[in-house]
Each structure stands twice: as structure tokens, then as C-alpha cells.
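A.B. asks: Chains A and B, in that order, are what the protein sequence lines are. Counted from 1, the first sequence has number 140 at position 138 by this note's numbering; the numbering is strictly sequential. Counted from 1, the second sequence has number 818 at position 7 by this note's numbering; the numbering is strictly sequential.
Hints listed in this document are in silico derivations from the structure and should not be mistaken for laboratory results. There is no bait here: all hints are sound.
As a list, the in silico DSSO-like pairs of lysine-lysine whose alpha-carbon atoms are at most 30 Å apart:
#1 B:Lys1261 / B:Lys1336
#2 B:Lys842 / A:Lys52
#3 B:Lys837 / B:Lys1334
#4 A:Lys185 / A:Lys52
#5 B:Lys842 / B:Lys1334
#6 A:Lys181 / B:Lys837
#7 B:Lys837 / A:Lys185
#8 A:Lys113 / A:Lys181
#9 B:Lys1336 / B:Lys842
#10 A:Lys181 / B:Lys842
#11 A:Lys181 / A:Lys52
Pair ranges (Cβ atoms, derived):
#12 B:Tyr1171 / A:Arg114: 53 to 61 Å
#13 B:Leu865 / A:Trp20: 35 to 43 Å
#14 B:Met1122 / A:Arg114: 47 to 55 Å
#15 A:Met77 / B:Pro889: 37 to 45 Å
#16 B:Asp1257 / A:Phe47: 41 to 49 Å
#17 A:Val170 / B:Asp1297: 54 to 62 Å
#18 A:Val178 / B:Leu1184: 49 to 57 Å
#19 A:Trp20 / B:Asp1297: 56 to 64 Å
#20 A:Val170 / B:Gly1146: 30 to 38 Å
#21 A:Trp20 / B:Trp941: 26 to 34 Å
#22 A:Pro224 / B:Thr966: 28 to 36 Å
Partial list, derived from the structure: chain B residues whose beta carbon lies under 8 Å from chain A:
#23 Arg1013
#24 Pro1041
#25 Thr1058
Cβ atoms here follow ideal geometry from the backbone N, Cα and C, with glycine treated the same way.
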Amino acid sequence: MTTVLLVLVAIMATVVWWLLRQTFNVSPWIERRAIDDVPGDGAFFLPPVKVGLGVFLAVATSLFALLVSAYFMRMAGADWTTLAVPKELWLNTGALILSSVAMQWTRNAAKRGVIGQVRIGLTAGGVFTFCFLAGQLWVWQQFSASGYFVFSNPANAFFYLLTAVHGVHLLGGLWVWAKATAKVWRSTEVGPVHLSVELCTVYWHYLLLVWIALFALLLSTPPRQNNCTPDTVAICGPAR
Amino acid sequence: MSYVAHDESAFVRPPEIGEMELYHPKTFIGKYIWSQDAKVIGVQYSITAIAVGLVALVLSGIMRLQLGFPDTFSFINPSNYLQFVTMHGMIMVVYLLTALFLGGFGNYLIPLMIGARDMVFPYVNMISYWVYLFAVLLLMASFFVPGGSTGAGWTLYPPQAILDGTPGAHWGIILMLVSLAFFIIGFTMGGLNYVVTILQARTRGMTLMRMPLTIWGIFMATILALLAFPALFVSAIMMILDLLLGTSFFMPALVSKGQHLDYSGGSPVLFQHLFWFFGHPEVYIVALPAFGIVSDLIAVHARKNIFGYRMMVWAIVAIGGLSFIVWAHHMYVSGMNPYFGFFFATTTLIIAVPTALKVYNWVLTLWRGNIHLTVPMLFAIGFIFTFVNGGLTGLFLGNVTVDLPLSDTMFVVAHFHMVMAVSPILVIFGAIYHWYPKVTGRMLNDTLGKFHFWVTFLGTYAIYYPMHYLGFLGVPRRYYAVTGTDFIPESAHSLNAAMTIATLIVGAVQLVFIYNLVRSYFKGKPAGDNPWQATTLEWQTAHTPPTHGNFGPTLPAVYRWAYDYSVPGVEADFIPQNQPPAQKTARTEGKPS
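So that you can see chain B by itself, here it is in the shape it has in the complex (with noise of 0.2 Å):
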């Protein structure tokens, strides 16, 4: 027997859980300064972050300076170029890519996309974002110790980072250790939330395979930092052990200015090992919440349901899985046994079948679409050249014998900035651009927008592929000035030259992006609920900016999973997850109830 229904109330049954308890605050400061709303959280850090990887940007600008025009400024000397070195990377991969893709839309994205009202432990969701920005402080002020912020590199090896002689082997060191000590701190704090609020705080409908891919994202992502950031924390505690009681888990016996120092026989590759069974983790810590954003970019703007969905979802997981068994790429320089190099070599080329996968999906889910070039779209189409390019050049370094010639040149600079910084900030900015309406209520501007994009994508490609190039002529990372080096060709300086002047431009526009954000805020265009016709629980909420509790009265009910775009025999291009469905043959015996 068959029945029609128009409305949900046929189809759900009540609750059996019942709704979380809200705490809803009356100030202003109980609102949007200690707030326990997860949207609001999200834009804090996501404003901290910004503000900091603005920070690192300006320390990137100075030291493209030092590169392209050496002896020119006299600010810039080799030992504060290490420390912004140092500061900008460790910024920029830590402080600004994990906080803003996991604190910052993990926040903001997974109560709505899920269907919660909130986080499922708001109170320690807070403290989260108030631990984060303390590490963050405690990171800028080690510019101002006696000594400076630490010139170690961001990998922060020992015994160099310690020692007498590396610009801030004091003070900016520990600030340094201690800062990442307590993210990691703050950052459990969120990341318990973020998983058990994914497991536990799903509306009625939302199986884990109607998910959007942004959440299967940020939930992997999240797992994989539970389990690899500790191997930071631990490598950050002994060093700081190591500088502070002379303990020697990473200091060998050394010998400094013709005295044995108080160090015997500790391991700097022990350390190489924790530092990268974290770092390698860490590059899927950012890229998988990227690979959930584009895919979900790619379809709402394509009209189009993202191909292969539920070979998007495994890859996630699989990528997930094999980042872990990888991390000693990054040492073989260090030396290893032949065969754990062959082992490490193998398992990095493996992962690149996952990723390469995910590849073709967002490119056969673009094929025929109806493809909007919208701001997000743009950038999400920017993301694929990149990381492919990025990824294309992993796939060398991934071999030991190609790896050991081009591991200290700037082929490695270009390569990981390809794939690691240049590819995610796009996922980022066309994040921004997608999600901004439903934030503030308002859209950005699209000119301004379109000008960003171009200038972004093609200024950091003028930045990145000539690096290539040097890496290949030989010319190394990490040093201070180049000059008078007989194998580097004087076209190499011109090169350096003219990558620096993109710089500074690549620089210079992204004011005009922070010029968009603030503009659009007070005079941006009202976007309504959904201006992108999507149909994710977010753009269903009754009110944009959603108010505390994200959904009104009654909780949404989800139907269908989140690609329904372009059906055949739908009228409207799009169904949001929540639209009951119209029509339903069933037996009536005990449904609905």
C-alpha cells in the first residue's frame, strides 16, 4: 500500500535523545569573548590565526628580500634571517593552516554541516581557543626576549637549536617549545570535541555516507592529529629537558669552543624521528580538511554531485591511514638502512595513489557540470593545478636517489610550498569566499574577489616554478646569501630577483582581500540564506548569521546525502539534505509512527 506525504512529520520519528542544554549568556563578553558557541569560537580563531599568518607572511616578504636583493637592507643579517625563517614556517604550518582549518572551520562548519546545535563540550571548546591563543602570544613575545625568537629552523633540530651560537638558543627556544606544548594542549582540547561531536551529535538522518566530504575531512584530519601530535609534545618536553636539567635524550657529546660540554651520547636522530612521525602526519593534518573543503566547493558550484563519493570518503580514510608509515622520507638524508629507505620510498609512493584518486574524482565530477566561475570555484579549480604540481614533484622526492641530490635546495622549498602552503591557503581563501554569507549575512565583493584570486594564484606560481629551477641548478635552502658561489649562474640572482618582486606583490593583495572582508561586512550585498543554492544543513538554518543553537525550535532531519544537485526530473537544480521527500511508497504496518 502506498501513501504520499508532503511534510517530514510522516517520515520521522521522535527523538530518543533528548537536546542538549545551551548556555546562553546575557553580556556581551559572555557572548563574544568567553563564549562556549562554537561559531563563535570559530571566528576567533580564525581571526588569530589570520592575524598571525599575517605575521609570517611579512617575515616571508623580508626574507624574499634578503634573497633577491642581498647586501641591500641593512636590517636583514644572517642572524635574524634564520629566525624568520624559523618563525615563518613554524607559523605558518602550526599557527595558521592546523588552528584556522580545524579550530577555524572545524568550529564554525561541524555543528551546522552535522545538524547539532553546538559542540558536544562547549565549556572545554572554549577553554580550546583561550589555550591557543596563549601559545600564540607566548610565540610572538619570544620576538622581543633577550636574543630573539628561535633560528633554528621550523624543524628545530638538536643539537643546533640549543646551542651557543643559533640566534635564540635560550629564551627563544623555550618560548618556542613551550608555545607548541601548549597548543598541542589546546588543540586536544578541540579535537576531542570535534570527534566526538562528529560520532555522537549527528541529527536524526545523518548517517556517516550523508555526511559532506568537508566533515569526513575534518574528522580525519582530526584523528590523525590526536595521534601525531604527541610525538611533538614528547620531542618538545625533552628538548626543553635537555637545555634546561642537561639531561642528553637528543644531545650527543659535543665539544664547543674547546670544552666538552655536559652532554653524553643522546640521539638528534631520535629526535628526527618524533619530530617527523608528527611532521608527516602533519602536512594530511592540513591537506585532508582541504580535500574535504574543494570537494565540496567543486560540486555546489559545478551543480553537480561529486563523483565517486564513496571513493573520496576511503581515500580520506586511506590517506589518513598510510601518512603515518612514511615520516622517514624526510630523513634520508640523515641516513638509514638501505632497506628502510626502499620501505619508506614504497609507502610514500603508495599514498599517492588515494591522493592521485581524489584527483580524478574532482576533475570527472567538473567534467560536464554546469560550472560556475564564481570566487570559490576559482580558487578550488587554482587548488588542483597546484597540488597536482606540488604532488607531482613529491613523487620525486619520495625516491632516495633522487631525493638525496635536491633535499637541500630549493626544488624542497618549491615543492612544499606547492603542495603545502600555496594549495591549502586557496582552499582557504575559497572557503572563505563560499561561507562568508552565511558568517556575516553579507557576500564579498566579486571583483575585488576575482582580482585576489588571479593575482594569488598566478604571483605564487611566478614565485614557485622558477624555484623549481633553482632547486635544480643547485642553489641550497636555508643560506643567508648565495653570492659569489661559482655554480650559481648570475640569471639565477635576475631569477631570485623577479621571484621576490612576486612576492611582494602576492603580498600587497591580499590587503585588498582583508580590504573585502571588512568592506563586505558593513556594505557587502545581503546574501540571504543559501546564495549558492546548496544543500547542506548550514544553508538551512532560519536565520543567517545563525543564531546560538544554529536551528530554531526543531532540529533538521536529513533525507539524502549532501550531493543532490542537476537530479533528473527535478525541477530545481538543487535538494537540500533536509527536503522530506515528496513522495514515498511503503507499507504502512508500524510507519510512520
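If we strip away everything but chain A, and leave its shape as in the complex, we get (with noise of 0.2 Å):
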């Protein structure tokens, strides 16, 4: 659990720094000065939907800390075969970048108004999340025709888990990046879209994080077979 600790603490630590600034050295039952001259009244300068996306995030990383720890102890089992991690997540990874990047040049071209970059440029966002997902797919198809499947080690079941619960927050950022497309081909200005378009960089830019934590992990998880033996049926159950 010291992963998911380590996450929960740096997110404690951020509300609890930023409520001694708004909170620190005040007193508020002497406190009656005008409206006017109370410095702000702590809210961000940001619109509602940005501040929820953050603390979104705030939660999907939660999720995702917590997910890794429990992979980080269940790895210590005398069942666990390392999973070989196969090339294709190399490319998949390659299609991930590419969405991030190209989700960075809409939000630039949204910035300089140029409403055809945009099109252009989040249309490819999608296209290639859509390849990565194809791709993520492909590699499940691949892993299960070779006899790795879900139940055959808790490794593999949690190869699948990981991808499969990163998908589903893409596919979530696919429904919004649906709703920004169809809007900004039917529009002739970037104003209407510029906030989903920040919105939809932001949340590809984690999800890219996301995704490289995980392959990462996956990557550096040392290679070991399972320790099972016929004497030891009693801790790993029969052969599968």
C-alpha cells in the first residue's frame, strides 16, 4: 500500500498547503471589512469545469495508485509469472504519444484561433486514441490466442485489469473529444470549442502519464516463473 500512500500523501499535502494559505492568519470573528477589500475569497481564477477535471484526476489517480499497489502485493505470491511484455505495446504506445501531441498542437492552433488546425488536429487526436485502443485490443487477441488468459496468472489477470481500466477512462475522454469534434467542424470559430479542447489536452496529457507509469511498471516487474510444485499445490491450486 505505499504506492497508493505516497499518492494520497502528495494530494493531502497540496489541499492541506493550499488551505493554510487561504486560512492561515485569519480571524474570521473580527473580520467585517467591506467586500471590496477582502483579498479574493479563495476561489480559482479558472472555470468550474477545469477545477472538476482536476479534482477528477485527483481520483482517477487514487484509482489507479491503488491499483498498483495492490499489484505491487500480490506480485510477491509463489503463483506469479512475470508477463513477457510483448513489442506491440511499443507501438501502442508510440499511437498514445502521438494523440497527446497532437492534442497539444489543437490547444496551441485554439489559442491562435486558427479553427482549420483544430479541426484537423483533434480529429487526429482521435484517430490515433482510437489506433492505441485497436492496438490495446489487439494485443489482448494476441495474448489470449497464445494461452495467456485472464485466469491462468494473477499477473496476466492484472495485465488485463490495468489496460482494460485505462481503456474505459479513454473511451470516457473519446465520448467528450466526440462532442468538442462534432461541434468544431460544424463551427466556423474556435470560441465555442476552446474549453473542451483544453479540457479533452489536459486529460489526454494524464492519460498518456497514466499509460507510461503502467507500461513502465509492467516493464520492470523482474522476470520469475511460478514457484509452484506439485508439493506446493496447497498454497498455488492445481496446474492450469
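With the hints as a guide, bring both chains together as one complex.
C.D. replies: Structure, rendered in C-alpha cells:
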């Protein structure tokens, strides 16, 4: 659980630091100055939906950190056989990086107000994301064709689970992306989609970072074979 | 140079951010069913949570019938007894307390108390309720599926939870886990709203340190819930995969009926870590809103400013932070490195410090206050007694060496019911009596309310005080029957019977409460806008009940904290938060603009 604790410490430290800045050295019982005198009321100078995205990303971070913690704890089991990471995942990672780059390019274009580039960039970002997801499904299919089923080994189960949870988050992003894309192709100005583009970009960067962390976790897991023998069937269960 | 001002136009700068656009439905369904108004959503959450809580209350009555009068009721058998225990626990903790405090009170009070029109994402807020309702319906459906609801205990520990022999080991547990997953998804939607609304939608002048403690409690509890519920979500998904796809996240190698099951080396302790990583913050997810609400009830009904406001705020934050590093004190009996045991025992004792600070501050607020023994105040004082009692036994159980012999006894049941069931429920009742006039425009009947309080308060003590003693005797928890056990004396059985009678009385008096709610809605005394003469913004609305948008054409501006009661030199014994200063000395340069 160390991983999730570290993540939560970071999140809580941020919350406490921010709260300290708002509340330290304030004496509300004697403060009756006019509203004009109050140095801000502590709200972020951001649209609520951006703050909402930030809060959601904190929740998602907690979710992924918990999964990684569970991975580390389960890895100690005698029946663990480290998964050989397929090369195709590098290709998929490349697609996700390209989608993130495309989103950033779109964001920059939106800032400049160039609607044509926003259309192209947003579409490209989505297409690369679909490529990534298709690639993940392809890896799943290859795994199951080779006998690496979800139930065969805990390492396999974690691979399927981690990639599925990450993929579901991307699918959620694609829903927002689809709405923004439909809007941008109907619009002649960047204004109506500027915020959606910014949100998508932040979300894509976040999911790229998460994927890189998960991929690094898979790559860095020490190779190990199932230690189970006929004598340890009581611990390991029957051979599969 | 000085100037004198009597109206707020002299103090308030023009708003920098435009008003939020509200969706104004025109049909009954749009207003009251698919409503995007946080107040309506709060009422929807509350009614659903209370309804499902009544189901759980009935289940507890049936359990007590079995414990008090074993071998008397033929419809109770060991299997359905365990199902009742499980469903009672899970419904009460998650579907009643969490939903009512955050979904119910959170939705109703946050926008009103911080001076906002509504939640910042009203549509998502509406979806949040419907997902919650779906989760409740899924859970209720589990009573009717083959095998019935799960009987794994509210902690749902594997491997037992999904093994043949445990009641509801197939459909029952699947529905429970899926329902929990939906609950968490729905809560996350609502929780995002609560946090972002408090951060971004406070009216002008409502600085963080002018917020009522109710809002602080809900705010911190929501942050805890947003970060802790993913642990339950992860464990629910992984257990579903163990059950349906045959993975071995939690399921160890097992021999059942002479056959090796298709599981290998999974870790039940991993589940326990994940579950309690959610489970312990859950205690504070329920407790922190209760702390906040009770602070406000005490200040209003003692006509006195809250003692140590800043300390109260920081105690809430400290408790929230510490609640993430105490989870393994629920797992002492699972075995752990003694140093870890020492660590978790220490953190458990440390969390008592900010908690005790809050108790001292409540008592000091009451000290020499102009105490009005209204029904909300009675419940608030009842809470303080009960929480102290429950908290003190928590200090026993936080220590490894004391916990081990007591862990599987009724002592634990008594402890957590005092601290996590009776205490927050007393606050909920107090809060309902306090805010019902704002929600409906009518007062609840005072006599019925006092009757409800005294029977509930004394009745719950009649149930749970003796239960501590049973725990010391070694009476085990979770057991269907303990008859014929040598070390349990006959007097313990008599005590169990008395506790059951008390349970039935406490259960029955809740019907009086429901009757009061319904009767007062139609025939209650008109409440007026501010029957308690409170300072906070929800009592300063132009209409009671508040209309959609809460505050009429102009949002209020806030000039002071929420606790200006009995201010020396002021004739009225309260000053509303939005009342402008009558006189102010200031330099005129640049202000007022």
C-alpha cells in the first residue's frame, strides 16, 4: 500500500498547503471589512469545469495508485509468473504519444484561433487514440490466442485489468472528444470549443502519463516463474 | 475620513463573474423528478436513503429477535440471519449514512449556505442521484434472486464471500458488488459537484474561514470519499473477476468438498487492505459532516459563537488526513508485523487528539451559553454524550493487545454502533428537526420530537451499554445462536432479551418520527423564514422554502462569519452573515467604488 499512501500524501499535502494559504492568520470573528477589502475569496481564477477536471484526475490517480499497490502486493505470491511484455505495446505507446502531441498542437491552434488547424488536430488526436485502443485489443487477442488467459496467472489478470481500466478512461475522454469534434466541424470559430479542447488536452496528457507509468511497471517487473510444484499444490492450487 | 453606510451597495463591488445560467423546467416531471435543482435532489437523496434505512432497521429488529429469543421464530435460520446482518450493515453505512449526509444534506445545504444559485454541474448532479437510486434498486433486488442476498458480512471478506456454503454466494454477492460499483460512480459525480461548488461558487465575501462548519465537514468528508471510495471500487471489481472469470486476485488455493478449486495463491489479506483503506476513512466520511452539523446546531441553539472556530476547521482537516493512515487497526487479528501494529495503534491514538479537541470545543461552546433545549439541541447534546462513549471504547480497540481478545466479541459491535451508528443518527435527527422548517416551511411538532428524542436516546443506551458487558463476557459477534455455551451465563441471555425489547421500542418510535414528518408537512405550524434566528445564509432567503435559484434576483454578500450570536453591544442576539455593517470607518480613496 506504500504506492497509494505516497500518492495520497502528495494529494493531501497539496490540499493542506492550499488551505493553509487561505486560512492561516485569518481571524474571521473580527473580520468585518467591506467586501472590496477582502483579498479574493479563495476561488481559483478558472472555469469550474477545469477545477472539476482537476478533482476528477485526483480521484483517477487514487484509483490507479490503488491498482498499482495491489499489483505490488500480489506480485509476492508464489504463483506469479511475470508476463513477457509484447513488442506491440511499444507501437501502441507511440500511438498514444502521437494523440497527446496532436491534442497539444490543437490546443496551441485554438489559442491562436485557427479553426482549420483545430479541426485537423482534434480529429488526428482522436484517430491516434482509436489506433491505441485497437492496438490494445489486438494485444489482448494475441495474448488469449497464445494461452495467456485472464485466469491463467495473476500477472495476466493484472495486465488485462490495468489496460482495461486505462482504456475505459480513454473511452470516456473520447465521448467528450466526439462532442467537441462534432461542434468544431459545425463551427466557424474556435470560441465555442476552446474550453473543450483545453480539457481534452489536459486529460490526454494525464492518461499518457498514467499509461507510461503502467507500461514502466510492466517492463520493470522482475522476471519470475511460477514457483509452484506438485508439493505446493496446497498454496498454489491445481496446475492450469 | 469616515463615512456611514446603512446598505450594502456601499460595500460591494460589482461581480466579476457572471451569474450561472439555471435550467428552469416547466413541467412537474422536470421540476420534481428529473430535477436539476440541488434542493430537490437533496430531498430525493434523503427520502431514498431514509426509505432504505428503514429496511435496514427492520433487519436489525429481526436480528435482535433471534439474539434475544433464540429458537422462537421459525422464519429466522442461520443463513438468512447472516444475510440480514450483512445487508443491515452495508445499507446503514453506505446507502443510508453516506448518501444522507453527503447526497442529502450536502445537496440541500451547500448552495444555500455558501450563497450559490445551485451546484456548478446541475446535470451531473441529477445523474448522480439516479445512479444512486439504481444502485439501491440493485441492492434491494438481491433479496429476491436465487439464493438471496449475500451473507458474507458487511466487510465481504473473501474467500468466504464467493464460496459455496455462504448465503448468496452467487447472485447475491454479484448484485452487492455491482451495486457498490454503481454507488461509487454516482457518488463521484455528486462529490465532484460538492467540492467544486464549495471551491468556486461561494458568494462574494464568503471566504473559506467564513464558511459554517457544516460546509467544512461536508467538504472534507467529500474529499475523503473521493479518494477512498476507489479502494472499494477496485476491490469490488477484482472480486467480481475472481467470481466470474476465475482470476485469483483474492482467492487462495482451496479445497472444497474434497476438490481443488481453480484458484491459486490469491491474497485475502490484499482484499482486507483495500477494503479498510476505504473502510476507515468511511468512518470519518460519516463523522465529519456530523461534526460540522452538530457544531452549527450547538452554536444556534446555545446562542453563542462556536468556541475555537479555527481549531475546529483544522481539526476537521487533521482528522481527514490522519484517517488514511489508521486502516490496519481493523486487521490486527489478521496478523501483522508487530512494528506495523505499533504504528497503526499509535496513529489511531493520535487521531483521538483532534477529535477530543472538537468535543472540548462543543462543551466550551455550551458553557455559559443561553441554552435553548429545543429538539435539535437535545439531539446535539445526546450526540456529544454518545460520541464520547463510543470514542473512548475506540481507544481500547485501537491497542493491539486489547483488541485481540475483544475483536470478535459484541464489544466491537457496541463500540461501532455507539460511535458510528447512534452518534451520526442523532445528528441526522437533530439536523432534520433543525432544517425541516426551511425545507417545508413548517415546524415539526415539538412534543412528538421530544418524545422521539428521549425514547431514541435512552433506548439506544439500553441496547448498547449492556452490549459492552456481553463483549467482556466473551459473547461472540456474528453468531446465529450462542445457547448451550458454558462460559456464557444465563444472565447474558436475559440481558439479550432486554436489549431486544429496547430495540423494538426504539424501532417503533421511529414511526412516530415518520408520522411527525408527514403530519407536519400538511398541518405543522408555519415556520417563517428564520424560526431559529440563525445567522447563516440559508435562513436569509426571500422565500421559504427557497425557490429555484435560492436568493431571488441578487445573490447575498457576506460580511461576517457564521457565528455572530449574542454579540456584546448589539441589541439582537444574532447578526446574519449578509447584514452589512451599520457603520464603518475607512479611507475614502478608491472605495467604495
